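Going down the list, the protein sequences come from chains A and B. FYI, my numbering numbers position 23 of the first sequence as 23, with every residue one higher than the one before it. FYI, my numbering numbers position 43 of the second sequence as 266, with every residue one higher than the one before it.
Everything labelled a hint here was simulated from the structure, so no lab data went into it. For clarity, every value in this text was computed on a predicted model and none was experimentally measured. Please note that a few of the clues may not be correct.
[Unchecked claim] Capping the alpha-carbon separation at 30 angstroms, the derived lysine-lysine pairs in DSBU-like fashion look like this:
| no. | chain 1 | residue 1 | chain 2 | residue 2 |
| --- | --- | --- | --- | --- |
| 1 | B | Lys268 | A | Lys104 |
| 2 | B | Lys416 | A | Lys50 |
| 3 | A | Lys151 | B | Lys370 |
| 4 | A | Lys50 | B | Lys332 |
| 5 | B | Lys370 | A | Lys104 |
| 6 | B | Lys268 | A | Lys151 |
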Amino acid sequence: MKEFNFEEYNDSIHNLGRLFLTITFTMIIGAPFLIAKMLGAQIDWPAFFKAITAVLIVYIPSCIVEYLIYVPLLGSGASYLAFITGNITNLKLPCAFASRDMAKVEVGTDENEIISTLSVATSSLVTMLVIFVGVLCLIPLTPVLNNPVIKPAFDNVLPALFGALAYQYFKKSLLITLPPLSFMVLLCVIVPAMINSTSFLLIACGGIAIGLAWILFKNKILK
Amino acid sequence: MSYLDKANSFSLYLIVGIILTFVAFVCVVFIIKSYKAGLRLGMDKKVLRKAITSSASFTLLPSVSILLGVIALSGSLGVPISWLRLSVIGNLQYEATVANIVAEQMGTKLDSSLLTLNSLVTIMLTMTIGIIWGGLLSIFTLKPYSKKLRTITTKNTDTSTKKSSFAPWAMTAMMIGLCSTFIGSYMATGIVKGNYTPIISACVSALFMALFERLSKIKVLAFLDSFALALSMLMGMCTAIVLELL
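The following block holds chain B by itself, in its conformation from the complex (with noise of 0.2 angstroms):
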């Protein structure tokens, strides 16, 4: 059996199963208890009903961007975990990010012919250590956090983003220094190597997301806007399947 078969087996989407049957089990509690909860508050049960059908239609679009992201990740960790690891506190630009520092820890590539089943378990071990966090906070803190929130809420409900101003800022800092390092890289190696696969990939899928950006201002193809990062990414990997052809 090779790597991508031991990580395509199905014990593998046993477990995930189990896990993501749990994840349902709460979402669907949490339901019921808010609905009735709801209803107690004196809430209209239109109202109630449009929030669960007006999610579920709007989440459809998205959804499918992120089974592409599964897709995407699928080539180099397997279907299961790709599958787990985008449906439980995770993101693609993340996770692609995470399996890659592991990868280069452990002296390979994210490149199913050279990762093992070793970096298989490891990349998954830190995927998920690594986003616990908000979550271990929820546990820890939420409660007092959000009573504290209902008795400011009360007095100015704009206290938390006039205190917040530089925080956008410090967010978008960190996603320019996260993406400068990996193009700075690609140029790098297609100066210094002469492989300029990567650095013609990013920049395909570059035009394809300012295209894509573009063509959802227009009223008609507003709903590109869901799909853009998950296109682009696309045809930037296409792109890369044509250079290795010519």
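Next comes chain A alone, as it looks inside the complex (with noise of 0.2 angstroms):
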């Protein structure tokens, strides 16, 4: 039997990877084109461009400094998997965590690149099974989710995702939250306009966070 070299299994995992997500990102990105056409809407181009402006503002710095972090961590196999499925810091990395720590293997070795590919393919099946069997359940209860009286619920999901999500950052540096939240309040009641402008106001409040936490760092009040 031929000798198993680890680079040659490893130039395979890139080539497939590569291969796999350049594949999925064709039919994501298509996907929207083709909807479009199937149910006869157009893309708005203009809100497209606006939009995308402002979430590649804020979205493009973290996924390069994501990129930078995981890929390290969970090695490269699992990250092309990590980077198709999504989930990472919800789901992808506390599971390759708890896997290495299971299988006492070390970041950067090769045990661990086998351990995280194995664990983030595994979760990612799993959610996927779980989600199509959440929505085989889903489909009889549309009419359900339809109903006038619980359509303020889902009117309302941003409030309560961001109510959950501000209690956890929030308590982190009230340093930093008191600045951007007091110039949103103040802003928004002299300029009520401004309330349906959160596209453009949280590039503004996630400078000002930005800037302060750098500012905090740098005097050492942020360890």
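Each of the two chains sits in its own frame; use the hints to bring them together as a complex.
Structural data, given as structure tokens:
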């Protein structure tokens, strides 16, 4: 039997990972166009460009930081899978860590590559399976979900989401929280039209918070 | 056919089904390849199997939480698109924020009675383009990056963590900025328009988050940690129903 060469295995993982990512991205980028054609809808390009500008300003830095941090922790195979299936911070990373601890392997070793890949792949499959079963149960419930009585619940998904997230993040540093929050409330009270401009204002609030964090970090108030 | 009927139509399920079947196939290929490589590397078969079974059991509870996210988004985007977005490079916080940004740019709200099919496909495209960058970086740079890391790791395993000490604070500050924007707008909505439903829903959600966080520290209730966000959201959303009925 030919001796096992881990570098060869790694190269094949890179080739497959690139190929699968390319195919997946082609499909998910193509899907909105295909759906638009099937439903007789049109993409609103001016709204798309305005929205994507705001989204990219906020999310490109975090995408890059996440990439730089997650790849060393997960290894190659698991990283390709994680960047296809998402839910990295809340699921894939803790899952890979738990498996790594169970298998008693170290970050950066060949064994960690294997365990992380097995872990993230299994986790992705199980998630898809659970959501699939859930969606099967949801289909007959669609008329209930569309009932006007529960419509206010769906109209308040964002307040409910940001309420829970705000509790988690605000308590980490009130010094960073108070200036952007006060700025946002004051601005929207003085200029009420700004209430519906969160996409623009989140760049300003994010900028204030990051700038403040940097000053506090440099002055060793944040450690 | 209403907007939601079309957003939940069979053809959309079919497209989403094809994409997710492919993603499942990718996972199976990686499991087979890494399992075989593990054996040839001399790893114990029991350890490899345990990694698979423990990952499967670890994932069950958080997956239910992701399913609750699909339910939360399905009220405005329909089930198939919410399902796809939370299964391929998505997460609830990102998808909900981006959907709201696009709806705002189209002069509407994330509300099924106001959204149109044009909004739906524009939201879907923006969600996708906004989040693919980590994956794109992987296609073009993961191979040289991981090779460099393997060289560095053999010299010093702590190098990467020492260099990025501001990174966690930058991420935290960005999330604080994001939450401040939305919470601030809900507070102003109450003050200016007299509509207190969003801010009360947010406060109830935050209170339940605090409660679940405290309860999850009790050993027998540790499982609540996986559900804290989804359950808190559901409590906040239910509050909105009660407030509308009052």
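Tested hints:
1. With a CA separation close to 14 angstroms, the supplied pair lysine 268 of chain B and lysine 104 of chain A stays within the 30 angstroms bound.
2. This hinted pair checks out: lysine 416 of chain B and lysine 50 of chain A have alpha carbons roughly 27 angstroms apart, not beyond 30 angstroms.
3. A threshold of 30 angstroms between alpha carbons decides the hint, and for lysine 151 of chain A with lysine 370 of chain B the separation of about 51 angstroms lies outside it, so the pair is violated.
4. Straight-line distance between C-alpha atoms of lysine 50 of chain A and lysine 332 of chain B comes to about 16 angstroms, which keeps the hinted pair within the 30 angstroms bound.
5. A C-alpha spacing of about 23 angstroms is found between lysine 370 of chain B and lysine 104 of chain A, which places the hinted pair at or below 30 angstroms, so the restraint holds.
6. Taken as a hint, the lysine 268 of chain B and lysine 151 of chain A pair is broken in the structure, with Cα atoms around 51 angstroms apart against an allowance of 30 angstroms.
Of the numbered hints given earlier, the model fails hints 3, 6; all others are met.
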